[in-house]
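Student: Take a look at the letters that make up each chain.
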Amino acid sequence: MMDILQIFLSDSFWAASLRIATPLIFGVLGALLCERSGVLNLGIEGIFVVGAMMGWLVAYLTGSLWLGVIAAALSGGLFGLFHAILTVPLGLSQHVSGLGITMFATALMSFAYRTIFPQVATPPRIEPFRALDIPVLSDLPFLGPVLFQQTALTWLALLMVGLVWYLMDRTALGVAIKAVGDNPDAVNAQGLSVMRLRIGAVVAGSALMALGGAFLTMSAFDAFFFGMVNGRGWICIALVIFASWQPRKALLGALLFGMFDALQVRLQTMAGAIVPGQVFLMVPYVLSIIALIIAARKADYPRALLKPWFKGQR
Amino acid sequence: MALPTTPVPHALPGSGATLLASDNRHEMTKPSPVLSLRGMTKRFGSVLAADHIDLELARGEVLALLGENGAGKTTLMNMLFGQYTADAGSVHVWHEDGAEIILPPGQPQAAIEAKIGMVHQHFTLAENLSVIDNILLGTERLLHLNRNRRAARAKLEALMIHSGLEAPLDRKVRELSVGERQRVEILKALYRDVRILVLDEPTAVLTPQEADTLFASVRSMVENGLSVIFISHKLREVLAFSDRIAVLRHGKKTGEMVTADADTHSIIRMMIGEEHDMPERTPGTPRDSVLKLDGVSIHPTRETRGLSDVTLDLKGGEIVGIAGVSGNGQSALARVLSGLLAPNAGGIEIGGERLAALTPRAALSHGIGRIPEDRHHDGIISALSVSENLVIERLGDADVQRAGFLRRASMAKNAEALSAAYDVRGPGIHARSALLSGGNIQKLILARVLETHPNVILANQPTRGLDFRAAAEVSRRLIAARDAGAGVILISEDLDEVLSLADRVLVMHAGELTETESRDRASIGQLMAGHAA
Chain S
7 MMDILQIFLS DSFWAASLRI ATPLIFGVLG ALLCERSGVL NLGIEGIFVV GAMMGWLVAY
67 LTGSLWLGVI AAALSGGLFG LFHAILTVPL GLSQHVSGLG ITMFATALMS FAYRTIFPQV
127 ATPPRIEPFR ALDIPVLSDL PFLGPVLFQQ TALTWLALLM VGLVWYLMDR TALGVAIKAV
187 GDNPDAVNAQ GLSVMRLRIG AVVAGSALMA LGGAFLTMSA FDAFFFGMVN GRGWICIALV
247 IFASWQPRKA LLGALLFGMF DALQVRLQTM AGAIVPGQVF LMVPYVLSII ALIIAARKAD
307 YPRALLKPWF KGQR
Chain W
94 MALPTTPVPH ALPGSGATLL ASDNRHEMTK PSPVLSLRGM TKRFGSVLAA DHIDLELARG
154 EVLALLGENG AGKTTLMNML FGQYTADAGS VHVWHEDGAE IILPPGQPQA AIEAKIGMVH
214 QHFTLAENLS VIDNILLGTE RLLHLNRNRR AARAKLEALM IHSGLEAPLD RKVRELSVGE
274 RQRVEILKAL YRDVRILVLD EPTAVLTPQE ADTLFASVRS MVENGLSVIF ISHKLREVLA
334 FSDRIAVLRH GKKTGEMVTA DADTHSIIRM MIGEEHDMPE RTPGTPRDSV LKLDGVSIHP
394 TRETRGLSDV TLDLKGGEIV GIAGVSGNGQ SALARVLSGL LAPNAGGIEI GGERLAALTP
454 RAALSHGIGR IPEDRHHDGI ISALSVSENL VIERLGDADV QRAGFLRRAS MAKNAEALSA
514 AYDVRGPGIH ARSALLSGGN IQKLILARVL ETHPNVILAN QPTRGLDFRA AAEVSRRLIA
574 ARDAGAGVIL ISEDLDEVLS LADRVLVMHA GELTETESRD RASIGQLMAG HAA
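Taken in order, these protein sequences are the chains called S and W.
The numbering used here numbers the first residue of the first sequence as 7 and each following residue consecutively.
The numbering used here numbers the first residue of the second sequence as 94 and each following residue consecutively.
The following block holds chain W by itself, in its conformation from the complex (with noise of 0.2 Å):
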């Protein structure tokens, strides 16, 4: 079959195989249409997030909506749900009797009352609220008194067993962990009755087997007649998944394919146009200890998960990569490496030295370079030129200050050359680097970091949200600082990306840390979610 890989404005929807197949057991028609996106185009100040898209989708189909972070994927579906007002544009959707309606833009009610369910990356529930008080909200009727829930209870549990799908419903919403949370979204669109339900990177916050048992649950729902679009940037389930992908890229449809007949190789090229590998990884040679945990131990809060008897010992010239399911511990395990917490109980020794707990100073002094979890937050200061937080992390050298005063001269000349070095791009080394873009920023902060040469380098989700280039970049440049002697520790809740890259593999789960021999998926995954291997 010919493989429609350039833009296609009217794309033929449901030429997979799978599909035609099914279709023609009940006529030899086209699929029926359940929904057509035309034009679709939306502006956010200078950037234009999405640049007339088509999209079609059949009934009964399952829609892989591929692309880069910020190629309008969650633009795209925003507008469909009328979330986001579309600035040119329009959502066709077909009733199961044929009749076509056309929502108006920026309503999410009407997409509601099309029977359109959308389950977002970031959760929309109230979680002062019970399960079943944020299913049930804004089905009912505001001011009406009397609330029988009882039908609405029947409903729910039917549903639950129906779909497979378990919340439990009268729990308070702050009290479920992450998987519950997505169970309840998927099912407050079900509960609505609706025939196309958008997931939009359902498995960003799964294990890998909750998200085996949504994929099953979602398949056996599409073979009672759902359609379903989902957006992800993970190859693997993609190809696993879905029967049909479409590909955005830069806020324009790219290409469109049959997932029967696709590969990474072709996807990638349509993703991001061009050819690209991942970097290949070499082994490392392990060296003397740089780092040392000993038993380090963190009291939970309210807040976050804390650490127990955590022991680690980094050699350098390795990289030691962490997985596990993200608010497993790992941002209390970077934080005491980052010196921003001080442990309970046990202790850290690096260089030789033996501390009960590093401060933000001692950590720098010790030679750790730190490429914090969020970026922007933590990562620089984001008020504060490229050339100065090049050097933030090192005012009292003498080639910054002078009794107090900065040299700009000598700031702007490292800048200058760390920007050409780590092709950091931007509007230039003395704009605010709250300009630059978070692959930029994630390269400002590789450069201040490795130009000190650190000993230890904690890489804390460091291609998180980052396109393939910068990505692939990124990894290059910890394998580089590594076989130039220094030890890294990688924390990254993408399991795909610790396999690339580690030298050794340990699962956090639940405050703990194991260390694990085994390369496969789903062993590591038995480990993710708390079973012992």
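Bound conformation, chain S alone (with noise of 0.2 Å):
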């Protein structure tokens, strides 16, 4: 028991929470924003394996981290484009698409990763993110490694919360996409578009997957790994409605996460000899299942997702 308490007491533990948590606030975000004007985007998975290998190639190609970062975005947005057109001007099913991007994208990127490297057994390394090192602030008795000697790309994702629920919130812009997903009607009468409010939307958020992805190989690892990604686009997906398509909330979904995460690692170190490892691999998805059973009865889904919505239809 005392145990357990110094796990909670380690300034090591929260800091692992918020590192495990990065790449799911990115992957819940751009959920949250495709969900709330009213598009499923399921291609989340693959995206986040775009973005992974785009930082990774584009950094390992010309020395930039940055530069990577911004191809992430960029082909994490094309292939949310991709989604966009074919469910939002061509209405096709949601779930089909999204599935048939995450295996197209996947497949394209190991494609492109045998095509460019192949002869390498291991994949060539890049130097990644470094944890900050502000000056005073970063030597602060546990909030120092907890928040300050994080990477860049964590702050960037907690700005990111900042700047969505800004957005949904205090922008004409987040309120007409929230109008969109819950009934188009209302945004074409009132002289807007539909299409291209939840174009938009898709490939913002679709772009915000893929720097969780990229969060992986320039910052979590200094390289591309197939199966890195892991079903983390599928807990966002899970996430998302834990949140409520709140961006504080997901914030606090994707925290609770890493929590789980973390404590796991950790439960097995400490118990490893008792109980099989695997049992503690499986807590942070038990524990997401039930706080998504309790979180989810209450869900306020919008009321368009998922549904098609053509001009001039009746």
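I should point out that these hints are in silico values taken from the structure, not numbers from a laboratory.
Misleading hints may appear alongside valid ones.
[To be verified] Facing chain W, a subset of chain S residues (Cβ under 8 Å, in silico):
(1) Pro-124
(2) Ala-182
(3) Asp-188
(4) Ala-192
(5) Asn-194
[As the list claims (entries may be wrong)] Computed cross-link-like contacts, DMTMM-like style, restricted to lysine to aspartate or glutamate with a CA-CA straight-line distance of at most 20 Å:
(6) Lys-304/S with Glu-220/W
(7) Lys-265/W with Glu-220/W
(8) Lys-265/W with Asp-175/S
The beta carbon of each residue, even a glycine, is placed where N, CA and C say it ideally should be.
From the two separate chains plus the hints, produce the assembled complex.
Tutor: This is the structure in structure tokens:
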């Protein structure tokens, strides 16, 4: 019991929670933006792979991490545009299109990797984002390691939470996005374009998802591996329901999942001899499902989610 | 004054007496037009929904657009507002200064800029937003970061006082009643300084009092120069409220007249092309009880209102009409009687047997015939054929199946006979019933229900959306079934229908059922609004 308390008091546990949460923060915000406009984006898992691969590749080729981040966002946005064109003006099934994007993107990235690096056994490494070193702040006890020794991408994720919150709650554009996800007829009748709003939201949301992938290769690790996204996209789809499509709750959900994950690693080392490690690996997912059951009962789905809209149809 | 009751290609606007009188004061010429629709045409698949319709609207005029369902009223207005792209025709609008512009087709933005506002029958509100967000949607620059709402709010508050239309600006739309939502819709248009306001069936969801208040507000706005087109099929309000009437039938304009010179008969003749009378109600002769509800209660859920302590004694040979605005518990009552919902308290007595709840099977075996509210969704299985749908409630009967195998020949004979008797028209008895029109689907359901000679008939909004002839046919059938001894429960939000058919009138409000002796619209309206009579 004391050991568990010890975990919660250690700064390394909280720092790890935030680190693990970072890609999820990007992903949930991205999914939130798409779904608020009425489009489910199950391409998220593949777009994570795109962000991871393209960010790392461009950083490797140019030597600039930030160029890599931009490349990740742009290529993620491009796959988002693909999904948006299929689901918004063409009105195809969002489930089928999204899953298709995931499979296509994942396969394309593997193909590109094999084509560009045909002979390597281990992927070439890049110099990843380093932990920030802010005078005074980084040296604070507890808060220093937890908050101020994170990498720039973690801070970018936190900044995005504020930005998306401000967009959705304080700008006319955010109001229009929320409206188009609730009742596209309302938006159309007020002279705004349903198509443009939805396509824009899906592209921007997909760019955010790709940043989550970029974090994996450019901050958490230093190279691209197959299977490294490992279901994080799917977790985001669940977390966005937990967050009830609100940016601040999205942050909370991502942090909770990060905590569970950080906790299970530490529990494994503590009790690994008694209980099989797989049980602990399960913990974050089981706890997420439980949290989801509790939160989703009150979930307030965007009413037009999954429903294609066509102009002038009766 | 001569009445143009035949198609008029370019009818002169505002030949109405009231208009001429007011215009004479200003100038001796014709009233200035604000809007002219010319040759508007729209085709949906093989259906010509609007066929070269011309329409003119003068400044300060209330034009009623009248027609049966499917006559093309809403299609025409949606073309005006740019929500449908017209196949042919043009929309001309005159500005205050007399400048004429032609609206590009298919662009709501252009209609909005020309100061045209439309209040749709199905509200176009985002329920997850506040009232003020809904009103301001599309009026602000999307990427403007610092929104100044103080000016907008002040303007809205002035508007609300001026128009008499109140709405809680900061509440979420999903928390509002339908009456409030409609006021928000109108405020949305007024906020953009519309000069032409289109109201699509504005009173469909309102109590008579709310409707009167609405018309009073609109009247006062018209006096300030607003021009209004309102779509309706309620003759009473058209006669009371409009200056001029234009009638559409099958996508064509069949006539125009000044309201002062119009009466119910002349309007109906233009709407359906012939004289037509609704069946006269003859008093029923109540017999023994066929169904009793005793203190039936249903807990409300997020979607539907519940019932509280509903007691009803239905006799054979009578029609009990349940009036009320939709959403006051009618659907819960219908679901209880259909066996789809078990009451949380109370009991049901049918055929001398007392039950806590009905199941669909028990409802059928106790002789409850069900005519559901949503006939397309709940009344038929649209993928099945007409002949299959006709026997869907008695698949076990010997003339339908033998040892589990359908007797197609016998089913076909049954379907041919019923189609002829009930005048079900369509592509044939083996065609998918989805291909039938709404009126024919309703006749199919009537045939299925009445052929089993039920003791109790639950008719939920049986004539909604039907044209005059089909509605009259349904009414006649219900009266005939009553005279044959069935007890009929007629749920309708059309008070006129209840008054014209029912032997007894009950009013449903907020889940409570109240019987009233009154046959007076005003006092029943009071009950519908929840005020004790």
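Student: Now tell me if each hint is right for this structure.
Tutor: The hints, checked one at a time:
1. Using the Cβ-Cβ criterion of 8 Å, the hint placing Pro-124/S at the interface with chain W is not satisfied: the shortest such distance is roughly 46 Å.
2. Residue-level restraint check for Ala-182/S holds (minimum Cβ-Cβ distance to chain W is 6 Å; threshold 8 Å).
3. Taking 8 Å as the C-beta cut-off, the interface hint given for Asp-188/S holds, the closest approach to chain W being about 4 Å.
4. Taking 8 Å as the C-beta contact cut-off toward chain W, the hint placing Ala-192/S at the interface holds, the least distance being around 4 Å.
5. The interface hint given for Asn-194/S is met, as the beta carbon of that residue sits about 6 Å from the closest beta carbon of chain W, less than 8 Å.
6. Using a Cα cut-off of 20 Å, the hinted pair Lys-304/S and Glu-220/W holds, with the two alpha carbons roughly 16 Å apart.
7. Only pairs whose Cα atoms come within 20 Å are accepted, and Lys-265/W paired with Glu-220/W is accepted, the gap being roughly 7 Å.
8. This hinted pair checks out: Lys-265/W and Asp-175/S have alpha carbons roughly 14 Å apart, not beyond 20 Å.
In terms of the numbered hints stated before, the structure departs from hint 1 and from no other.
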